[in-house]
Amino acid sequence: MRIGLEPRIERSAAVALLAPVVAVLLTLLAGAILFALLGHAPGAALYAFFISPIDSRYGLGELGVKAAPLVLIALGLAFGFRAGVWNIGAEGQFTLGAICGGGIALFLPDVGAPWLFPLMLLAGVLGGMLWAAIPALLKARFEVNEILTSLMLSYVALLLLSTLVHGPWKDPEGFGFPQSRLFPEAATAPLVLAGTRLHLGALVALLAVPVAWVVERRALGAFGARVAGLAPAAARYAGFRRPRVIWAAMLISGGLAGLAGVFEVAGPIGQLVPRISPGYGFTAIIVAFLGRLHPAGVLLAGLVVALSYIGAENAQIEAGLPQAVGGVFQGMLLFFLLGCEVFARYRLRVYPARRRA
Amino acid sequence: MDPLTAVLASIIAAATPLLLAAAGELVVERSGVLNLGVEGMMLTGAIAAFATATTSGNPHLGILAAALAGALLALLFGLLTLTLLANQVASGLALTIFGVGLSSLLGAGFVGVPGERLPRLDIPGLSAWPLVGPVLFRHDILVYLGLLLPPGLALFLRRTRAGRILRACGENADAAHALGHPVIRVRYLALLFGGATSGLAGAFLSLSYTPLWIEEMTAGRGWIALALVVFASWSPWRLLLGAWLFGGVTILELHAQGLGLVAVPAQVLSMLPYLATIAVLLVIARSGRLRAPACLGRPFHPPV
Chain F
18 MRIGLEPRIE RSAAVALLAP VVAVLLTLLA GAILFALLGH APGAALYAFF ISPIDSRYGL
78 GELGVKAAPL VLIALGLAFG FRAGVWNIGA EGQFTLGAIC GGGIALFLPD VGAPWLFPLM
138 LLAGVLGGML WAAIPALLKA RFEVNEILTS LMLSYVALLL LSTLVHGPWK DPEGFGFPQS
198 RLFPEAATAP LVLAGTRLHL GALVALLAVP VAWVVERRAL GAFGARVAGL APAAARYAGF
258 RRPRVIWAAM LISGGLAGLA GVFEVAGPIG QLVPRISPGY GFTAIIVAFL GRLHPAGVLL
318 AGLVVALSYI GAENAQIEAG LPQAVGGVFQ GMLLFFLLGC EVFARYRLRV YPARRRA
Chain W
130 MDPLTAVLAS IIAAATPLLL AAAGELVVER SGVLNLGVEG MMLTGAIAAF ATATTSGNPH
190 LGILAAALAG ALLALLFGLL TLTLLANQVA SGLALTIFGV GLSSLLGAGF VGVPGERLPR
250 LDIPGLSAWP LVGPVLFRHD ILVYLGLLLP PGLALFLRRT RAGRILRACG ENADAAHALG
310 HPVIRVRYLA LLFGGATSGL AGAFLSLSYT PLWIEEMTAG RGWIALALVV FASWSPWRLL
370 LGAWLFGGVT ILELHAQGLG LVAVPAQVLS MLPYLATIAV LLVIARSGRL RAPACLGRPF
430 HPPV
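Going line by line, the protein sequences match chains F and W. All residue numbers for the first sequence refer to this note's numbering, where the first residue is 18 and numbers rise by one. All residue numbers for the second sequence refer to this note's numbering, where the first residue is 130 and numbers rise by one.
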């Protein structure tokens, strides 16, 4: 007897929808085991990780603060992943967005309200697009693998930010700390919920979800992108040009990552510092997949994954768990998801024993 | 040691983690699998080696632990992509994210702990030669292993039956299956090998290169190793060339900083390896010499 996978004739929509839910449950189960192994009571640790961080108004606000960049970035990535364009460098595009938007806040403060902030957002989007344009150009013109180039550029962007805040952009009155001056009042993201740190970026992320949905469904470009990802040859026959799809996917995802970056420095951080992201650009990859590359799914997934960030912080404070547990959770979540998704395309089958001839 | 000899010897050392990881990934990719989790496996190998070496006091046990840890993560990747036919790109990214998290979780108690350094192993006779001796033959065991891998792999892939079967699985999995070769098993073995060498690459970092545990100490070397495989056009010999080139860039960065040769901030110099990677990928793509294994990244589902 042998157990094997048998391809389904049609992709099972039910299993495809269920897979993320099962993956979350399996991650919780594995997490409980992990906590037990680390010598913590699993129940209390899970509570500290997943429940107590969001049992207050402030906690819910924090969830939104963390989910906003994840959702913004993942919406763009999902678009690209569907088109078979693997932008792995969102972390770098996020950073460039923060640098460009932050630069406006630091050097053009005289613009003042109400135009300074929109100008920063614009600069952030353009910065993210610019950084994504490099792998796009290399891929579209020279067939250079965009996974590697976009990722290498992430390291370059982080070093660029570090150069700036250690050198020319350092606050002269900052007691030597590597950080820029605080942004002026007109350059900070307005808060949207009293008593929390929830800022305009969360609303923008929320609004971006239906926009992405409509764009995806209606725009011919998105149709082309989807076909190009699923069946490159068919897309070519239908007249969709691959370079155009690459450019669209890269610029959209880069621009959204840049937007997330400028919101992060104009919102919760309020200045430029060497480390502005706990890996949002990479974690957004998980969000995109967990959301099944669909805008509505991305929103839900963004909230779930955001919880892994604030959960890890809270579990460190309340239960003394190392904060790195959050990263392990995120990795496990993606593993389980990818494993579960297989069963939308295949079913388990038990084959009778083969006779040896 | 005169400066030239010292620089050449340090290039050989700096190239070692890239060489180890890239050699393993080359075998994996020649079997038709794309494992983007090298960075994660390297980091897990680095902490496994460091934790084992400092608790046991024996760096050689650390090497063993690193290879095992890397292979274990590769097994996980195989389970997902070979048995469950999950997307290889996504699974590789998951492996890296998981490896980064796992290593910093395991390493939480080892930050700032003094490490065990892998002993230097001078090759008798050869190490006394002028220039060549100090450059090539006064290193530790992992450096020698890295240097032996390219020629060993070239021999294995070209001259042995197993090597040919492995290449067949990467070029045309269906044909290899039809001929009765166990495609999935071959790919599992290739993955285990790649995981083990990635783990060793991490071990070199935490036991020899900078005998310390620092979070995310691989600093993208796993990704550079992936780029090296492309640069080498999947040929073991050119891997050696690429690894030395990148070792050279790293050393250039270090020495330029140390000697204050150039008036640019340290961070700008640190960008060099990443920018060099992009430049090299562009040059190799324009030269049109790329020839990836035909089945690279495609899942194989054996017909029943």
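Think of the hints as simulated: they come from the structure by calculation, not from any bench. Be a bit skeptical, because a hint or two may be false.
Stated by the list, open to error - What follows is a list of derived Cβ distance ranges for each label pair:
id	chain 1	residue 1	chain 2	residue 2	range
1	F	I20	W	L260	58 to 68 Å
2	F	F192	W	T212	50 to 60 Å
3	F	G287	W	L260	55 to 65 Å
4	W	R314	F	L365	39 to 49 Å
5	F	V228	W	P432	39 to 49 Å
6	W	P394	F	L365	21 to 31 Å
7	F	H183	W	L204	36 to 46 Å
8	F	L35	W	L204	23 to 33 Å
9	W	A348	F	D127	45 to 55 Å
We treat Cβ as the ideally placed atom computed from N, Cα and C, and that holds for glycine.
Hints, verified against the model:
| no. | hint | verdict |
| --- | --- | --- |
| 1 | F/I20 <-> W/L260: 58 to 68 Å | holds (60 Å) |
| 2 | F/F192 <-> W/T212: 50 to 60 Å | holds (56 Å) |
| 3 | F/G287 <-> W/L260: 55 to 65 Å | holds (56 Å) |
| 4 | W/R314 <-> F/L365: 39 to 49 Å | violated (20 Å) |
| 5 | F/V228 <-> W/P432: 39 to 49 Å | holds (44 Å) |
| 6 | W/P394 <-> F/L365: 21 to 31 Å | violated (57 Å) |
| 7 | F/H183 <-> W/L204: 36 to 46 Å | holds (42 Å) |
| 8 | F/L35 <-> W/L204: 23 to 33 Å | holds (27 Å) |
| 9 | W/A348 <-> F/D127: 45 to 55 Å | violated (40 Å) |
The structure is inconsistent with the numbered hints 4, 6 and 9, although it conforms to all the rest.
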